[in-house]
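Same order as they appear, the protein sequences are chains A and B. Residue numbers for the first sequence follow the working numbering, beginning at 1 and rising by one. Residue numbers for the second sequence follow the working numbering, beginning at 1 and rising by one.
Treat the hints with caution; some may be incorrect.
Note: identical chains are not told apart, hence a pair may lie in one copy or across any two.
[Stated by the list, open to error] 30 Å max Cα-Cα, derived DSBU-like pairs, lysine-lysine:
no., residue 1, residue 2
1, K13, K135
2, K50, K79
3, K326, K159
4, K50, K63
Derived from the structure by calculation, the hints contain no laboratory data.
2 protein chains.
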Amino acid sequence: MDRSYYFSDRANKMQRSVIRELLKLTNNPEVISFAGGLPAPETFPVEYVKRATAKVLVEEHRKALQYGATEGDPRLRKKLAEIMQRDGIDADPEHVLVTTASQQGLEIMAKVFFNPGDTCIVGLPTYLGGLQSIKSYGGVPVGVELDDDGMIPAKLVEKLDELEAEGRRPRLLYIIPDFQNPAGVTIPLERRKEIVKIARDRDYIIVEDTPYRQIRFRGKNEPTFQSLAPERVLSLYTFSKIMLPGFRLGWAYGPDWLINKFVMAKQSMDLCTPPFNQAVTYHMLEEGALEAGLETIIKLYHSRCDLMLAELEKNLGDVEGVTWTKPDGGLFLWLTLPEGMNSDDLFTKAIEENVAYVPGSAFFPMNEDHRSMRLNFSYSDEDQIVEGCRRLGKLIKESRS
Amino acid sequence: MDRSYYFSDRANKMQRSVIRELLKLTNNPEVISFAGGLPAPETFPVEYVKRATAKVLVEEHRKALQYGATEGDPRLRKKLAEIMQRDGIDADPEHVLVTTASQQGLEIMAKVFFNPGDTCIVGLPTYLGGLQSIKSYGGVPVGVELDDDGMIPAKLVEKLDELEAEGRRPRLLYIIPDFQNPAGVTIPLERRKEIVKIARDRDYIIVEDTPYRQIRFRGKNEPTFQSLAPERVLSLYTFSKIMLPGFRLGWAYGPDWLINKFVMAKQSMDLCTPPFNQAVTYHMLEEGALEAGLETIIKLYHSRCDLMLAELEKNLGDVEGVTWTKPDGGLFLWLTLPEGMNSDDLFTKAIEENVAYVPGSAFFPMNEDHRSMRLNFSYSDEDQIVEGCRRLGKLIKESRS
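Looking at chain A on its own, in the form it has when it is part of the complex (with noise of 0.2 Å):
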């Protein structure tokens, strides 16, 4: 029975994610699963946790129980400013937004910049959680090609001169210049800056989404987007991966005419961020539970991404046409295939030898691609990243001939 009739065009459009869809296959205990996105849950800070909630509730719980401001705790707004301040940006409380997880800054992105038909500029590939919520209000996200070195600026500049030229101008420019998901690839200073020149002579706002940041192994950060260009940048940040996802807690920051928006949309979307998730987490920073916490994440998921690197090395660096990124940070890594073989074609077998990946078309705007995955390497332990790496090794070498 056809139901469209009862609802918007945009949610006859909307399909169930496929990777969410894949990842309950990789329920089975039996299978390694380098699929999700997920934390590691023994660097979760549980003590600090433990002194916090007993804190709130004993101390504030008339105020942490109740309703907050759409904004956001206060004393939370301006911890989250000391750490952006931490990381070279002249921030203002004023302009920080509490949001439910990164996530909700993405769904308030493109409910405040996309009409139907609007057109934006995303990574090939991108975060398909921001492809999902460009594609629910009608955006029409356009991919343009990385490297090692994050998006290319000369592959930008002909994207938006092309589209300019068909008047289709992108309503803005979405980026994850640190450790991406899902390639693992950073953008240099020079080129951020390259992005930034264009972004202004063609006055443009840039959306820089970088919920891994703070997860380097190796080298220093470069300065942010949001450092480099106050005036026309929109960041999204969030705990989820630095702290602990259970919260769902991040932040979005921008100059006011920018956050003034989103609050107005967040408004109508869930009033506020739950108060007592966000003074729980103001006395965890206020205890040093950021710092500690990824200390330990960093040790132990540059550990997981080395061995996977080896283990890849191992297992595939033989074969001809097969290569992967080498990240500095993050969770994840992106692995190409040679020409021919289909990833997604690939993942049913993989499923069937007890290992999981994210096929690379799912963070496509158009699904296009079809020889690259996502490995994450955050989640399995050291025996599981070594006996995953084996049996896709394996399983690869044998498809291939």
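The hints should help you fit chain B onto chain A, whose structure is shown.
Below, chain B alone, put in the same frame as chain A:
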């Protein structure tokens, strides 16, 4: 500088909630505020929260601090279905979607049902958060008059005839059947049946928003719309008023073809409602926090409501043309001024006299009424209610002459 150029049409129409701006004026501790919709913080079941958080953090922190399913924690969904079953609904846990409180339910409703320009039946007056979500997607709320028994079926038929004749068939009927916000009125069974018949005959979806249903002081609950027409009713619930608002936890319930669409829409909004808050709430329900808390809430709000009714009678009983509703539950009553008076204008004077309410215009689709006000009786203590009613009575009498 005009920045509208950067934003979507819907964002350019967004406005900061008038109410939220008004409420800022009531932050002055001298002001006795009947304006907000806050539950009394002394009713928050703090000891239950303490025990449940401690339990979760010891026994299931790896799961509760991790990402969760969009649909919600299966244990909690089962509990929520049980709450509905005890209320005479044949509820299936699989049809429960946990939401980040019922405001998110309203946002999802607006997103999945409204194309720009689509109409929607609402009460005159109705909850302003509902109006805000609907309008934020370009939906056009069309009001149907209420009386002391809620929405008037004859008026509903009239309005539907009119809209259908104009080719502006509404997307749905948005109804708050129990202790309506803001009017405080409840729809009796016969009238519910009439409304269901109208919806069935003309094939309309009903969205039943029922945050206060369990806060009944006298009489007994009427059957839910969900129980009367499960094939076409989408119900929205929240713990904000019956337990605490600071977790931002609610749920949506409906037939699978509706709830599936809601799940898809929620995915891009925040991936999932905080799993930690869900786990804590599950254990609180297990321990009986809801029943224990409701007993306290009902007793307290009952006595505050009766006190406010008595004080209004004392201060305004002899003023011709002033009327107010007599709620059997909930948090609000609705006061109407004599012809010629204006509750928007009066608000400024009220603030000067240190008493606050929400002008009724906020609850009308076009802000078209100026003779009414919403009074909240859950938040102020007894002394404040007595003194606030005295100030309000004096003000109304003086402004009248």
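Evaluated hints:
1. K13 x K135: Both: 9 Å inside a chain and 21 Å across chains, each within 30 Å.
2. K50 x K79: both (20 Å within a copy, 25 Å between copies)
3. K326 x K159: Within. Shortest intra-copy distance 27 Å satisfies the 30 Å Cα cut-off; inter-copy 64 Å does not.
4. K50 x K63: both (19 Å within a copy, 15 Å between copies)
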